[in-house]
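**Q** The residues making up each chain are set out below.
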Amino acid sequence: MTTFVSILYIIAFALFIYGLMGLTGPRTAVRGNWIAAVGMAIAVIATLLLPGMGNWWLIALGIVLGTVVGVPAARQVKMTAMPQMVALFNGVGGGAVALIAWVEFRTTDGYAHEPLYVAIASLFAAIVGSVSFWGSNIAFGKLQELISGRPISVGRLQQPLNVLLVVGALACAVAIASGGGSEWLIIGVLVASAFLGVMVVLPIGGADMPVVISLLNAFTGLSAAAMGLALDNTALIVAGMIVGASGSILTNLMAKAMNRSIPAIVAGGFGGGTAVAAGGGSGEQRPVRSTSAGDAAIQMAYASKVMVVPGYGMAVAQAQHAVREMADLLESKGIEVLYAIHPVAGRMPGHMNVLLAEADVPYESLKEMDESNSQFPQTDVALVIGANDVTNPAAQSDPSSPIYGMPILSVNSSRSVIVLKRSMSSGFAGIDNELFYDPKTAMLFGDAKSSVAEIVEELKAL
Amino acid sequence: MLVESLAVLVLAGFVGFAVISKVPNTLHTPLMSGTNAIHGIVLLGGLIVLGMGADGVLNKILLVIAIAFGTINVVGGFLVTDRMLGMFKEKPKEQQDAAKEAKK
Numbered sequence: 001m002t003t004f005v006s007i008l009y010i011i012a013f014a015l016f017i018y019g020l021m022g023l024t025g026p027r028t029a030v031r032g033n034w035i036a037a038v039g040m041a042i043a044v045i046a047t048l049l050l051p052g053m054g055n056w057w058l059i060a061l062g063i064v065l066g067t068v069v070g071v072p073a074a075r076q077v078k079m080t081a082m083p084q085m086v087a088l089f090n091g092v093g094g095g096a097v098a099l100i101a102w103v104e105f106r107t108t109d110g111y112a113h114e115p116l117y118v119a120i121a122s123l124f125a126a127i128v129g130s131v132s133f134w135g136s137n138i139a140f141g142k143l144q145e146l147i148s149g150r151p152i153s154v155g156r157l158q159q160p161l162n163v164l165l166v167v168g169a170l171a172c173a174v175a176i177a178s179g180g181g182s183e184w185l186i187i188g189v190l191v192a193s194a195f196l197g198v199m200v201v202l203p204i205g206g207a208d209m210p211v212v213i214s215l216l217n218a219f220t221g222l223s224a225a226a227m228g229l230a231l232d233n234t235a236l237i238v239a240g241m242i243v244g245a246s247g248s249i250l251t252n253l254m255a256k257a258m259n260r261s262i263p264a265i266v267a268g269g270f271g272g273g274t275a276v277a278a279g280g281g282s283g284e285q286r287p288v289r290s291t292s293a294g295d296a297a298i299q300m301a302y303a304s305k306v307m308v309v310p311g312y313g314m315a316v317a318q319a320q321h322a323v324r325e326m327a328d329l330l331e332s333k334g335i336e337v338l339y340a341i342h343p344v345a346g347r348m349p350g351h352m353n354v355l356l357a358e359a360d361v362p363y364e365s366l367k368e369m370d371e372s373n374s375q376f377p378q379t380d381v382a383l384v385i386g387a388n389d390v391t392n393p394a395a396q397s398d399p400s401s402p403i404y405g406m407p408i409l410s411v412n413s414s415r416s417v418i419v420l421k422r423s424m425s426s427g428f429a430g431i432d433n434e435l436f437y438d439p440k441t442a443m444l445f446g447d448a449k450s451s452v453a454e455i456v457e458e459l460k461a462l
Numbered sequence: 001m002l003v004e005s006l007a008v009l010v011l012a013g014f015v016g017f018a019v020i021s022k023v024p025n026t027l028h029t030p031l032m033s034g035t036n037a038i039h040g041i042v043l044l045g046g047l048i049v050l051g052m053g054a055d056g057v058l059n060k061i062l063l064v065i066a067i068a069f070g071t072i073n074v075v076g077g078f079l080v081t082d083r084m085l086g087m088f089k090e091k092p093k094e095q096q097d098a099a100k101e102a103k104k
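Quick mapping for you: the protein sequence lines, in order, are chains X and F.
Residue 209 in the UniProt record's numbering sits at position 209 of the first sequence, with consecutive numbering throughout.
Residue 32 in the UniProt record's numbering sits at position 32 of the second sequence, with consecutive numbering throughout.
No wet-lab data here; the hints were simulated from the structure.
As the structure is a computational prediction, the values presented were derived from the model and not from experiment.
Fair warning: there could be bad hints in the mix.
Claimed, not checked - Short derived list, chain F residues pointing at chain X, Cβ under 7 Å:
| no. | residue |
| --- | --- |
| 1 | Ala-7 |
| 2 | Thr-35 |
| 3 | Leu-47 |
| 4 | Val-57 |
| 5 | Ile-61 |
| 6 | Val-64 |
| 7 | Ile-65 |
| 8 | Gly-70 |
| 9 | Thr-71 |
| 10 | Val-74 |
| 11 | Val-80 |
In this text, a Cβ means the ideal position worked out from N, Cα and C, and glycines have one as well.
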């Protein structure tokens, strides 16, 4: 490798890292993405400058084919279909690694004249790449609803079968590494890994798919890094490993945000998301989505209409001044902020009006229940601050509920809901609130005043 | 050669961990998509193996497919990420609905 190419590679890494840092913040994300893309272009050009490159027509053919397929796919995919598109792109990356490993095997006569580490790295890349390719395709199929989104499993045979597939793939790999040159061995590695990828992803429910895709994304990164070891290419090692590491962290963050653990997801079989719907019985542990002040701030900053739904929690925490400050910041961004006042919010009629008036909230912004309910369907974010029973959809939908028939604020008809609450404890009426388990609801746990203050800080930073 | 490569590998791993410290939930999907585009770097592997003179029809076919796959990964990945991030810019109302849909 010439020094010049190495220097271009180093520039490319720097751009990848800088670009990824950009992608972690809302203001810098778009630029970060393009910086990383420039890094990739530099890495590709640098590779083509390596001395002794040939087969130009075939290289051009591959790149043109990829562009012709990739660009329209990325351009035309509907926004709702994004996750499966990412799965598909991830899958082809893994597939590329597996194919390269296969060709490596073929061109080196089964790694006969290569150091052992090359064989090990290449075989690792083959296994992980193949798992990632097939697993991602299954994930794509599930999200695209080509395959049922429900967990599909072969019951108790699942785990033994997976273990068998791992053992099979490893056995073939060990046979190759210890000198076996038969092509059937590498095909065995690829096929066993392929089935493993399919079997691991099939039993996972649709709701957990984003986490699975992120996990497979990290895997593909690792396989790229292994391929880099085998080919002695620094660009592959660095970029692959960065993706492997950051992808693992991201997977963990995503799982946490959904209140799930990665082993539980991979072990599969439950967590069908929608399957968890209204069980009704209280006391059971149901998943809720928790969020952070930063996310709440971003969500509201990009909304066009925010409805604040105050309740007793706001009164107890004396959060009205902080709420006012938050509303002012949002309004300065051109976002409409209204307050939905339930007649019995708080502990006395007009409790909320008084508190908000004390904080100089303009009277026109306070909306009575009926008017609020007609506003919710046009509301992007409903911010529920310490209100509980007055937002419980069970009052409309569940005749067995003790509050059935009570007029409520139909918060759940807005496009998304953020609930500020100290804990999952039930409200004044002592009953569970269906709203908290709604998929479009995110919970921000903590004291109302400090939560709102945090949101204010985050909004200022945006 | 191996030791140098391993050193690079470990350091890159730490960089990867360090870069992703605090990410708002809203950006999880775009970030995943962005890292996804970056591992399209396997494209380079295909370029090197093919460019350094792979022989045989099957090898060449496999490598052309690998390069095509890698290119799809890179090009598609960055474009999709850009489109997702476009949802967070100042925008008219219909698009906001689409962004909300996409997040679900």
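**Q** Run every hint past the structure and note whether it holds.
**A** Evaluated hints:
1. The beta carbon of Ala-7 of chain F is not positioned within 7 Å of any beta carbon in chain X (closest approach about 10 Å), and the interface hint is therefore violated.
2. Because the closest C-beta pair between Thr-35 of chain F and chain X is about 5 Å apart, less than 7 Å, the hint holds.
3. Annotation: Leu-47 of chain F was flagged as interfacial toward chain X, and the flag holds, the nearest CB pair being 5 Å apart, inside 7 Å.
4. Among the interface hints, the one on Val-57 of chain F is violated; its C-beta lies about 11 Å from the nearest C-beta in chain X, farther than the 7 Å criterion.
5. The interface hint given for Ile-61 of chain F is broken, as the beta carbon of that residue sits about 9 Å from the closest beta carbon of chain X, more than 7 Å.
6. Here the hint on Val-64 of chain F is kept, as its CB sits about 4 Å from the closest CB of chain X, short of 7 Å.
7. Interface restraint check: Ile-65 of chain F against chain X, minimum CB-CB distance 6 Å, threshold 7 Å, status holds.
8. This hint holds: Gly-70 of chain F has a C-beta 4 Å from the nearest C-beta of chain X, less than the 7 Å allowed.
9. Look at Thr-71 of chain F: its Cβ gets to within about 2 Å of chain X, closer than 7 Å, so that hint holds up.
10. Taken as an interface hint, Val-74 of chain F checks out: its beta carbon lies about 6 Å from the nearest beta carbon of chain X, inside 7 Å.
11. For the restraint placing Val-80 of chain F at the interface with chain X, the shortest Cβ-Cβ distance is roughly 5 Å, inside the 7 Å limit, so the hint holds.
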